[in-house]
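Chemist: Chain by chain, the residues:
There are 2 protein chains.
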Amino acid sequence: MTPPVIPADLAAWLDAHDAEAMAELHAFLRIPSVSARREHAANCAAAAQFVADALARLGFAVAVEPTPGHPIVVGEWRHAAPGAPTVLIYGHYDVQPPEPLALWTSPPFEPAERDGRLYARGSVDDKGQLHLHLRALAAHLAVRGTLPVNVIVVAEGEEEVGSEHLAPFIERERARLACDAVVISDSTMFAPGIPSLLSSLRGMAYVQLDARGPAGDLHSGMYGGAVVNPAMALARLLATFHDADGRVAVDGFYDAVRPFPEAVRAQMRALPFDDAHFMAETGVDALGGEPGYTTLERLWTRPTCEVNGLLAGYTGEGAKTVLPAAAMAKVSCRLVPDQDPDAIVALLRAHVARHVPPGVTVEVTALHGGRPWRAELRGPIVDAGRRALHAAFGREPVITGEGGSIPVVGDFERLLGAPVLLMGFGLPGENAHAPDEWISVDNYRRGTRAAAALLDEYARAHAGAG
Amino acid sequence: MTPPVIPADLAAWLDAHDAEAMAELHAFLRIPSVSARREHAANCAAAAQFVADALARLGFAVAVEPTPGHPIVVGEWRHAAPGAPTVLIYGHYDVQPPEPLALWTSPPFEPAERDGRLYARGSVDDKGQLHLHLRALAAHLAVRGTLPVNVIVVAEGEEEVGSEHLAPFIERERARLACDAVVISDSTMFAPGIPSLLSSLRGMAYVQLDARGPAGDLHSGMYGGAVVNPAMALARLLATFHDADGRVAVDGFYDAVRPFPEAVRAQMRALPFDDAHFMAETGVDALGGEPGYTTLERLWTRPTCEVNGLLAGYTGEGAKTVLPAAAMAKVSCRLVPDQDPDAIVALLRAHVARHVPPGVTVEVTALHGGRPWRAELRGPIVDAGRRALHAAFGREPVITGEGGSIPVVGDFERLLGAPVLLMGFGLPGENAHAPDEWISVDNYRRGTRAAAALLDEYARAHAGAG
Numbered sequence: 012m013t014p015p016v017i018p019a020d021l022a023a024w025l026d027a028h029d030a031e032a033m034a035e036l037h038a039f040l041r042i043p044s045v046s047a048r049r050e051h052a053a054n055c056a057a058a059a060q061f062v063a064d065a066l067a068r069l070g071f072a073v074a075v076e077p078t079p080g081h082p083i084v085v086g087e088w089r090h091a092a093p094g095a096p097t098v099l100i101y102g103h104y105d106v107q108p109p110e111p112l113a114l115w116t117s118p119p120f121e122p123a124e125r126d127g128r129l130y131a132r133g134s135v136d137d138k139g140q141l142h143l144h145l146r147a148l149a150a151h152l153a154v155r156g157t158l159p160v161n162v163i164v165v166a167e168g169e170e171e172v173g174s175e176h177l178a179p180f181i182e183r184e185r186a187r188l189a190c191d192a193v194v195i196s197d198s199t200m201f202a203p204g205i206p207s208l209l210s211s212l213r214g215m216a217y218v219q220l221d222a223r224g225p226a227g228d229l230h231s232g233m234y235g236g237a238v239v240n241p242a243m244a245l246a247r248l249l250a251t252f253h254d255a256d257g258r259v260a261v262d263g264f265y266d267a268v269r270p271f272p273e274a275v276r277a278q279m280r281a282l283p284f285d286d287a288h289f290m291a292e293t294g295v296d297a298l299g300g301e302p303g304y305t306t307l308e309r310l311w312t313r314p315t316c317e318v319n320g321l322l323a324g325y326t327g328e329g330a331k332t333v334l335p336a337a338a339m340a341k342v343s344c345r346l347v348p349d350q351d352p353d354a355i356v357a358l359l360r361a362h363v364a365r366h367v368p369p370g371v372t373v374e375v376t377a378l379h380g381g382r383p384w385r386a387e388l389r390g391p392i393v394d395a396g397r398r399a400l401h402a403a404f405g406r407e408p409v410i411t412g413e414g415g416s417i418p419v420v421g422d423f424e425r426l427l428g429a430p431v432l433l434m435g436f437g438l439p440g441e442n443a444h445a446p447d448e449w450i451s452v453d454n455y456r457r458g459t460r461a462a463a464a465l466l467d468e469y470a471r472a473h474a475g476a477g
Numbered sequence: 012m013t014p015p016v017i018p019a020d021l022a023a024w025l026d027a028h029d030a031e032a033m034a035e036l037h038a039f040l041r042i043p044s045v046s047a048r049r050e051h052a053a054n055c056a057a058a059a060q061f062v063a064d065a066l067a068r069l070g071f072a073v074a075v076e077p078t079p080g081h082p083i084v085v086g087e088w089r090h091a092a093p094g095a096p097t098v099l100i101y102g103h104y105d106v107q108p109p110e111p112l113a114l115w116t117s118p119p120f121e122p123a124e125r126d127g128r129l130y131a132r133g134s135v136d137d138k139g140q141l142h143l144h145l146r147a148l149a150a151h152l153a154v155r156g157t158l159p160v161n162v163i164v165v166a167e168g169e170e171e172v173g174s175e176h177l178a179p180f181i182e183r184e185r186a187r188l189a190c191d192a193v194v195i196s197d198s199t200m201f202a203p204g205i206p207s208l209l210s211s212l213r214g215m216a217y218v219q220l221d222a223r224g225p226a227g228d229l230h231s232g233m234y235g236g237a238v239v240n241p242a243m244a245l246a247r248l249l250a251t252f253h254d255a256d257g258r259v260a261v262d263g264f265y266d267a268v269r270p271f272p273e274a275v276r277a278q279m280r281a282l283p284f285d286d287a288h289f290m291a292e293t294g295v296d297a298l299g300g301e302p303g304y305t306t307l308e309r310l311w312t313r314p315t316c317e318v319n320g321l322l323a324g325y326t327g328e329g330a331k332t333v334l335p336a337a338a339m340a341k342v343s344c345r346l347v348p349d350q351d352p353d354a355i356v357a358l359l360r361a362h363v364a365r366h367v368p369p370g371v372t373v374e375v376t377a378l379h380g381g382r383p384w385r386a387e388l389r390g391p392i393v394d395a396g397r398r399a400l401h402a403a404f405g406r407e408p409v410i411t412g413e414g415g416s417i418p419v420v421g422d423f424e425r426l427l428g429a430p431v432l433l434m435g436f437g438l439p440g441e442n443a444h445a446p447d448e449w450i451s452v453d454n455y456r457r458g459t460r461a462a463a464a465l466l467d468e469y470a471r472a473h474a475g476a477g
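Those sequence lines, one after another, are chains A and B. Under our numbering, think of the first position of the first sequence as 12, with each following residue one higher. Under our numbering, think of the first position of the second sequence as 12, with each following residue one higher.
If you are wondering where the hints come from, they were derived from the structure by calculation, not from laboratory data. By construction, the Cβ of each residue, glycine as well, lies at the ideal position given by its N, Cα and C atoms. Heads up, a few of these hints could be off.
If you want the footprint, here are the derived chain B segments under chain A, 3+ residues with CB under 8 Å [to be verified]:
| no. | region |
| --- | --- |
| 1 | 205-217 |
| 2 | 270-283 |
Estimated spans, in silico, between C-beta atoms of each pair [said to hold, decoys possible]:
| no. | chain 1 | residue 1 | chain 2 | residue 2 | range |
| --- | --- | --- | --- | --- | --- |
| 3 | B | L114 | A | A186 | 34 to 40 Å |
| 4 | B | D256 | A | A364 | 16 to 22 Å |
| 5 | A | A364 | B | E292 | 50 to 56 Å |
| 6 | B | L114 | A | R187 | 50 to 56 Å |
| 7 | B | A357 | A | E50 | 56 to 62 Å |
| 8 | A | L114 | B | R360 | 51 to 57 Å |
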C-alpha cells in the first residue's frame, strides 16, 4: 500500500483559507465559556451559538438543545451517497476556570500567538480541537459540495464539570445519534511530530471532604491540645489514603482493576519516553508514585488518589493562632478499567468513616465521576484514523494511553454501540488545566488536514469492510 | 484577718463614674488597631495615642516610643511616699485580625452590649483589661490626689504579632522600667465568679510550611500518579507530627519539658472542671489530645502542635482537577517550661527534613516565638493580688494555668528581675481570637475595683514584708 496523503483539493483549500480559520478560532477562544461558574452561563450559551452558527453556515441542520445545565449543540448532515457510513464528531465548547489569573503571560481569553503556539484558555482543551473538525468539514463542502460520509456533530458545554447531562441526552436521542463510529479530538499526542491514537483513558471519582470540629474557630492556646483540630485531623485522614510505598491504601480500591495486557505494557515501555525530560518539563527533581510501574504505566494504566485543593483556618500574612472550626479538601481518584466511579466513592466514604477520629466529623460530597475506558484497536474507523494521521504527519501513529479523563467516551460506546476513535492534537506541557494553556499552531493545521482526510479514508475503509 | 474589701472611697468614685468609663472604653475599642496588617499602622498609632492621652490626663509623664513596628507607650507616676514600691502595669493596645467578618453578630469595631457582655474585637484581649487599670488609677488620683505606690504603665502594640520590639525595649530601658512587681491583666478567670491568679503560660513556636513541587499547577489526570503532589505530601508530613495516640512525634520535642509538681497537678484536678460543659461550650462531641492527662492538664501543662491554616490548589466551587504546584500550612506549637522556641523550630526543621519525600521541597519559615513561663506563687505582689481579687469577687482566687501565650511575661521577669502577677478578667468562651469576642461587663467593673484595691494592698504588703 502506498503511503497515504492528504487529498490535494482539500489541502489546497485549507492552505488558501488559513487566515480565515485562525480568525474564526480566535473569535471562539475569546468567549469565556467557563462551565464551572454560574456567572458565565451566558458565555457558555454564546459559545454554543458560535458552534451552531458555524455548522449552519456549512449547511448542517442544527439544533441547540437546552439542558438543566449548559446546552448541547447537534448538527446533522445526511446527504452522503447511499450506503455511506455515519460518523459522529464530538467536542466540547466549555473550558476550565482560568484562575490563577496572575500566572498567565497574556490574558486567558485574548488569544495570543508566540513561538508557534496559540495561547488561550480552551485553545487545546477543547475549542481548538473541535474547531479543526469544523474546518475539515468546511473544506470538503467548499471544494466538493458534499461529504463522503454522513456527519453528526455533537458539542457540549459541561465536559469540564462532569458532562452530567450528556449521557441522558445520548440515551434519549439514541435513534437520532445512531452512527457507525464516533471521533473525538480532545487528547494529547505522545510527542511533537508523533501522531497518536489514544487507546485508554482514566476515569474519575471526585469528592470534597469537609472536616468539622468545634462550632466556631477557637484560640489555639486556650483550646489546643484538648479540642481535636479539624485541619490536623484532615491531614491525618489524607495521609491514610496511601501506604508508605505510594499505593492507594483505601480498602478494595484495586479490586476491580483489570491489568493491561502485557503486549500493551511492552509497547508502552518501547515508546521513546525520558523520565529526565518529563522531570524537566514539570520542574521536579524526582518522580514518585506506585512502585513496580514505569512513569507511562503510572500515568496511563494505574489509578491514583490526589489532593486537588486544601483550605482551613488562617491563610493570610503572618501568624494567627486559630484552631479552625473546619477544614476542606478536594480529592480526586483517577480510575482504570474496570473501576466504577460510584463504587470508588462508596469505598472512600467507608475509608473516611473508619479513619475519622472522635471529635471531628467528615462529610464526603461526590462532585463528579466518569468511567475509565479502553479501546479495541481494530475496525474501519481505526484503520482510517491511522491512515489520516500518517498522511498529515508523515508517519504511522503510535498507540498511547492517557491519564486524563473524558468520561463521555465510554458513554458513547455503551449507548450508541459504536467504536470511538480518539485522535488528539494536543502536546505534553500544553497546560490544559493551568495558566498559559496553548495549542501548537502546526498541530492545529495538521489536525484540519487529518480530519479532512479521515472522512475520505473512513468512507473507503467502511466500504472495504462492508 | 478580716476579709478584704474594696476601699469605700474608690468604690464610690468608680460607681459614680461608670458611664464615663464605658464611653471611654467604647472609644478605645472603635480603633481597629490590627497589628498584623500593614494597612492598619495608622490605627495602631491612634490606639497608642489614645492610651498616652488617657495617662497624660491622669498626670502621668508620658512618652510614645517609636519602634520599627508599632509604638510603645510608657507612662510614669513617681510621686508616692518615700519607701513605696514601684509597680509596672503592662497591657497591649493591638488586636487580632477580625476575619472572618461574616461571622460577627455586630461589627467588630462597633462595641455592642448584649446580655451583660460587651462585644468587640479587643474587648477582652486586651483593651478592656488594660483600660480597667487606667480607671483604677483615675479613681485613686481623683479621690485622693495621689497613688499609694509608684506606677509605670507600659502599653505595646505588637502583642498579637509576637512582641518583637518589646523585649529589646525593656532591655534598653531597664533603669527607667525598674520596678518591684509587674501586673498584667490579659488572661482568663477559671469560671464566672471565680477569680483566678494565673501561675503558668504556654510559650509558642509558630512556623509556616511551604511545600513546593512542580514549577506550575498541572492537570491531575495527565501528571497524577507520577509527579509527587505537594498537597498530599504536606498532608502526609503533617500527619507525622503526632503518633497514633496523640503525642507529638517530633524527635526531642519533650526533652526539655519539666513536669509540673504533683501538688499543682492535684490542685488542678480539684478544680470544678466539667468535660461535658467544655464540650458543649466548644461544640464538639468528643475531646482528644495527649494520653494520660486531664483536659486542664492538656491545656495548661502540656505542649501541643497544631495546624492553624491550610491552603493549596483549587478551593472554589465545584471540581477542578489540578495537581497543585504548592501547598501551605501554618503550624504552631504551644510550649511549656523549659521548652525553648528557637530549639523547637530547629527540631521542626529537622523533622521536616527527615520526612519530606523526594520530588517535593518544604521550606520552614519561623513566624514567631515566645517562651513558656511558670510563677513562684509567693511574695507581696501575690498576697496583694489575692486580697484584691477576694475583695472584688467576695472569694479567694484559685490558682490556674493557661494554655495561651503572653511571651512578654517571661521577658519582664528575666529583664527586670521582678515577679509578675497575672490577674485576668476574661472568661471561658470569650472568643478572644475569633468572631464575637466579648468581655463580661460585670467582670470589667469588678476588675476596676480589684485593680484599685491592688495598689493599696501592695503598698501595705510591701511595707509589711520590708
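Chemist: So, for every hint listed, does it hold in this structure?
Modeler: Taking the hints in turn, this is what the structure says about them:
Using a Cβ-Cβ cut-off of 8 Å, 3 residues of the region 205-217 of chain B lie near chain A, which meets the minimum of three, so the contact claim holds. As drawn, the region 270-283 of chain B meets chain A at 0 residues by the rule of a beta-carbon pair under 8 Å; below three, the given contact is violated. A C-beta distance of roughly 55 Å is found between L114(B) and A186(A), which places it outside the suggested range of 34 to 40 Å. Our hint of 16 to 22 Å for D256(B) and A364(A) holds, since their Cβ atoms are close to 21 Å apart.
Checking the proposed 50 to 56 Å range against A364(A) and E292(B) shows it is violated: the Cβ atoms sit about 27 Å from each other. Between L114(B) and R187(A) the C-beta distance comes to about 52 Å, which sits within the given range of 50 to 56 Å. Between A357(B) and E50(A), the C-beta spacing of about 48 Å breaks the proposed range 56 to 62 Å. The hinted window of 51 to 57 Å between L114(A) and R360(B) is violated, with their beta carbons roughly 29 Å apart.
Violated hints, in rising order: 2, 3, 5, 7, 8; the structure is consistent with all others.
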